[in-house]
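Same order as they appear, the protein sequences are chains A and B. Here this note's numbering is used: the first residue of the first sequence is 370, the next is one more, and so on. Here this note's numbering is used: the first residue of the second sequence is 247, the next is one more, and so on.
These aren't lab readings, by the way, just hints derived from the structure by calculation. Keep in mind that a hint or two might mislead.
Stated by the list, open to error - For lysine to any residue, the following SDA-like pairs were computed, each having C-alpha atoms within a straight-line distance of at most 20 Å:
| hint | chain 1 | residue 1 | chain 2 | residue 2 |
| --- | --- | --- | --- | --- |
| 1 | B | Lys428 | A | Lys449 |
| 2 | B | Lys552 | A | Pro468 |
| 3 | B | Lys395 | A | Glu589 |
| 4 | A | Lys449 | B | His554 |
| 5 | B | Lys428 | B | His554 |
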Amino acid sequence: MRRGLIARSKAELPDAIFAGRVERTRAAMTKAGLGALVVYSNNTRAAGASWLTGFVPYWSEGVMVLTRAGDPALVVALSKRVQTWIEATSRVASVVSTPRIGAETAKLIAASGGGAVGVADLDGFPAGIADDMRAAGCALADATDMFAALRGPADPAELALAAHAAAIAHDALACILPEHGDANAVIAAVEGRARAHAAEECYVALAPDLARERRFKRIEGQASLGRSHAIRATVAYKGAWVRLARTVFRDHDKAHIAPAAAEVFAACVAGLPQASGFGGASAWLVEGCRVAQPLEALMGSRVDAPRRPAPGALVSVTTCIEHEGEPVMLAAPALLGASGEPAALLVPPVFREGD
Amino acid sequence: MLREERRARLLEAMSEAGVDAMVVYGNAWQGDYLRYAADFGILEGHGIAIVTAAGAIELYVDSAVEAERAEAETTGLAIALAPDIGRAVAQRLDRIANHRIAAAPRRFLPSFLADAGRAFALADGTALVDRLLMHKLPVELDAMRRAAKLADEGYAVFRKAAIPGRRQYELCSAVEAFLRAKGCPDNFMILGSGGRDVLGMTPPSDRRIVAGDLVTTELTPSVEGYYAQICRTLVVGKATAKQLRAHDVYREALEAGIAAVRPGATAADVARAENDVFRKYGLGDYVTDRYTRVRGHGLGLFVDSKPHILEDVETVLAPGMAIIVHPNTYHPEIGYMVLGDAVLVTETGAEVLLRTPRQLFELGG
């Protein structure tokens, strides 16, 4: 559940940015013969509706509806009392509060002229809403590919927000000192710092002792940290999500290992998305937003059916690189080249002691 | 032990209902059904567990980092990363299409799975799991008691952090950092600050706390996935006579609501007891849905569980249920005010889980 700052800044997300996205989406709808586009949103799958409206539900669910004319509308299960909050944090023509999202969405579409209804991520659209829309006479078509093609490449506003999220994550991870021995103290420091810098969400996961286990997990209760351990911060800021990881060596004579591995990492990232592997790493992952899930698995060692991200897309890249016999866990956001140029990290996963 | 007891109870309920396999859906918002069945607290994407009558559990997730986390955090599950999760689960269910399969909560399932064209049929098993979620085992209630202790401690941190000049999100940061330091991985929290202009609580904004503000919060930490909630209001400065008089109404309503909690009473009885106090003071308009959502709700693996405490909800209370009684609403003279305590339904009445005094706190007053 979101508990960080959700706000709209017209400096960061000007009306013109939303207007341009809506215009491009409507043009694609016309070309596809759609009378309306519907994008589902809840607090874990907000990245589609927020791209067109800024709307991020902290709780509950809703759909964004774009018809043939006007700004998008929202149909939400949130109560009427928070309508003013929704209007203050989103750029929408209207907000309908209702427990029957599907039925009200169908009414809204019918009132605006009807036609074929495209649903971004129709396969994942909640069954209850789909059933109610079909019962009200809506013919639902899958608009996933159409929307993903629009949503994929990052525009300057999205890039700036992602860079800000990356800066928050970097600052938060930089506050860790190698002498920290208690996992909860590290988690509290990272999350507290990220939220104090206005992170909308922050998930902190740890691999507490890399000598024993390389997988990241959420810590509940007490846990101590090994001689080398890794912390991953997944941070959202104004709808832009990034992952950043830091590997900490508590022995000073190993402090050079993580920066050296980060150089190898940056070189591997530069080859994306053309690289068929990832510098020979046994485990790697590229995530990005196609429709609504902010960090969806696109390519990687465990992804059987890769979905190559669009040129100019924002991604987060995660891997483990062995250096001098030590595992180094690395993750950082990157921007893929729009016209064949190398992908570039938004922020290097390099942390100087005492930052 | 908690995990094993829950699984045994789920299998028993499936057996009684004649269900051969249960399909259980979850995401970070509505994760309670999945947590109950698979003991995985999902944060990103969709998760779907298939629980067979023999006790085998397969967990499908569409996020790669969640697949890794599930492998590290759970035991006894077969975990699959499935970016096309609806289709992957459908392929699996095709193999048992001639069995009786139920799904919970069915309305949230990816529509691909619920489509009429599938070879298998998914009955709605939501009510079956709802019963298990509402009527808790002693080990679940123990987790709720521990979560309530954290709620008390978290509110003490909140009170200290609500200093003039601080932005709302900085206040939340202090509480979240405290809870993480205590080993608590999750908390649901909304708040409000200001005066008569504030109609409810929301996630934190960048509004600064100023002298004279009423600062409200609903703070809900979790232990082993179980959430316990506290609602309190503080004044930045000295409370006015109007604010104190208003708070007396909320306290009387809360106490009336808690007094109505007993086995055999309904959710409606509790709501009516709270609302009657407001009506007695001529504030009946302010207990309608124009100003307030619910007069409390269930607690457990979801922050806002069933039953909702409303005058038209006839769910019968029974020992082992956990609810919060919170007569939170707008007051025309002072603005939005909250006050609420988490309670357990016992054999004889209610066990109040919180220790924080039911007072209008004054910060520096």
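- Has the given pair, lysine 395/B with glutamate 589/A, been kept, meaning a C-alpha gap of at most 20 Å? 16 Å, holds
- Query: Does the structure keep lysine 428/B and lysine 449/A at a Cα separation of 20 Å or less?
  - Reply: Violated, at roughly 36 Å.
- Would you check the hint for lysine 552/B and proline 468/A, treating anything up to 20 Å between C-alpha atoms as holding? Holds. Lysine 552/B to proline 468/A sits at ~15 Å (cutoff 20 Å).
- Message: Between the alpha carbons of lysine 428/B and histidine 554/B, is the straight-line distance 20 Å or under?
- Response: Since the Cα atoms of lysine 428/B and histidine 554/B sit roughly 30 Å apart, the hinted pair is violated (cutoff 20 Å).
- Query: Taking 20 Å as the top limit, are the C-alpha atoms of lysine 449/A and histidine 554/B close enough?
  - Reply: Judged against 20 Å, a Cα distance of about 17 Å means the pair holds.
In summary, the numbered hints that this structure violates are 1 and 5.
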